[in-house]
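Heads up: the protein sequence lines correspond to chains B and U, in order.
With the first letter of the first sequence counted as 1, position 68 gets the number 68 in the UniProt record's numbering; the numbers rise by one all the way through.
With the first letter of the second sequence counted as 1, position 37 gets the number 37 in the UniProt record's numbering; the numbers rise by one all the way through.
Errors might be hidden in some of the hints.
Cut-off 25 Å, straight-line C-alpha distance, at most; resulting in silico cross-link-like pairs (DMTMM-like, lysine to aspartate or glutamate) [as the list claims (entries may be wrong)]:
1. U:Lys83 to U:Glu122
2. B:Lys130 to B:Asp71
3. B:Lys73 to U:Glu122
4. B:Lys73 to B:Glu45
5. B:Lys73 to U:Asp36
6. U:Lys49 to B:Glu26
These are computed hints drawn from the structure, not numbers from a lab.
This one's a predicted model, so the numbers in the text were calculated from it and none came from an experiment.
Residues per chain are reported as follows:
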Amino acid sequence: MDGVIQLQRQLVDYTASLFHEGFLDEQFNQLQQLQDENNPDFVVEVVSLFFEDSERLLNELAKALEQQCVDFKRIDAHVHQLKGSSSSIGAQRVQKACIAFRNYCDEQNTEGCLKCLQQVKHEYSLVKTKLETLFKLQRRVLAAGGSIPKPI
Amino acid sequence: MAAASEVLRRSLPEEVGVSNGSSSTSEELHVLAVDDSHVDRKFIEQLLKISSCKVTAVESGTRALQYLGLDGEKNSVGFNDLKVNLIMTDYSMPGMTGYELLRKIKESSAFREIPVVIMSSENILARIDRCLEEGAEEFIVKPVKLSDVKRLKDFIMRGEGEENGKRRILKRKMEDDVFSLSSQLPASDLVSSELESSTPSSTLYISTKRTKLLDRD
Chain B
1 MDGVIQLQRQ LVDYTASLFH EGFLDEQFNQ LQQLQDENNP DFVVEVVSLF FEDSERLLNE
61 LAKALEQQCV DFKRIDAHVH QLKGSSSSIG AQRVQKACIA FRNYCDEQNT EGCLKCLQQV
121 KHEYSLVKTK LETLFKLQRR VLAAGGSIPK PI
Chain U
1 MAAASEVLRR SLPEEVGVSN GSSSTSEELH VLAVDDSHVD RKFIEQLLKI SSCKVTAVES
61 GTRALQYLGL DGEKNSVGFN DLKVNLIMTD YSMPGMTGYE LLRKIKESSA FREIPVVIMS
121 SENILARIDR CLEEGAEEFI VKPVKLSDVK RLKDFIMRGE GEENGKRRIL KRKMEDDVFS
181 LSSQLPASDL VSSELESSTP SSTLYISTKR TKLLDRD
């Protein structure tokens, strides 16, 4: 029994830290609210879609910035999509990095865009690791017979 | 016990409104959701399912029109199955935008009465104006909330059809008031009382209408 309680405490603390450090925002809570017994994997599923989308978009962005003639409109469109999906799952730092990115697109500043791409990639990779750790913790709690506390 | 309820749940078809308890309608609300983002489609689908709605989620305006049978092709699916009570569409989509989809729906005699809600991650007044003018029911800035869906559901359940008359009167009254506007906003008071809303999201809606009026002068 102690094991479960400790795991649950670990989960709660870890989740809280992700919010505290700004990796996740309120929208992530909204996602957790939407998960129920009919759709017990909803959060993992939607976050997986986010990972797929993001990786595709980051590749497209890298390619677009390598071109001789940079198509800023296209880049902006990709960043807009990435901003949208990160916002939808509550990946706050990725979203913020995208906002900065769009500003450089507006200025048609290739150097700035390249820097922003690095920043977005960095934030993305951080939040991906954090979320994977979170989901692992959740699985351990469930395996130990505990339940995932729902946000208020 | 758990096993029995599992069986019960599985044997009931999705179409039958099981848990929402509303006795006035025999069916669940059927929402057609349109969004090119896979993540957002999944999200809105779950939002609507949790709110006891039947959802059809498509990735583009073209697909939406195909589903409705508005693309000129003869649709083999029986018309009854298609009964859509609400359309929620993203604004920025490649190909056909949500605005263009809105226009096509409002131009169609078969579907113009279906409320269309535009969703957008960007809070751009001119965009909001354009959509409301074209007949959008609401413009919701993403992310969409459970309270938004609840409000829409209540609005539609309260009276499909009879609400339409009221809505048109509201719109006309607002247009009249634009020209006699100073600092008072009687029209938006009328709007807010009619909508009976108290959630933050609907305040956004009202304030965007209010801001719309302010911009006009």
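Hint by hint, here is what the structure shows:
About 30 Å separates the Cα atoms of Lys83 of chain U and Glu122 of chain U, which puts this hinted pair outside 25 Å; it is violated. Among the hinted pairs, Lys130 of chain B with Asp71 of chain B is inconsistent with the structure: their alpha-carbon atoms are about 33 Å apart, more than 25 Å. A distance of roughly 17 Å separates the Cα atoms of Lys73 of chain B and Glu122 of chain U; the hinted pair therefore holds under the 25 Å criterion. Restraint check: the Cα-Cα separation between Lys73 of chain B and Glu45 of chain B comes to about 30 Å, which exceeds 25 Å; the hinted pair is violated.
Annotation: proposed proximity of Lys73 of chain B to Asp36 of chain U holds, straight-line Cα distance about 18 Å (limit 25 Å). Taking the CA atoms of Lys49 of chain U and Glu26 of chain B, the gap is near 21 Å; set against the 25 Å cutoff, the hint holds.
Hints 1, 2 and 4 from the list above are not met by this structure, while the remaining hints are.
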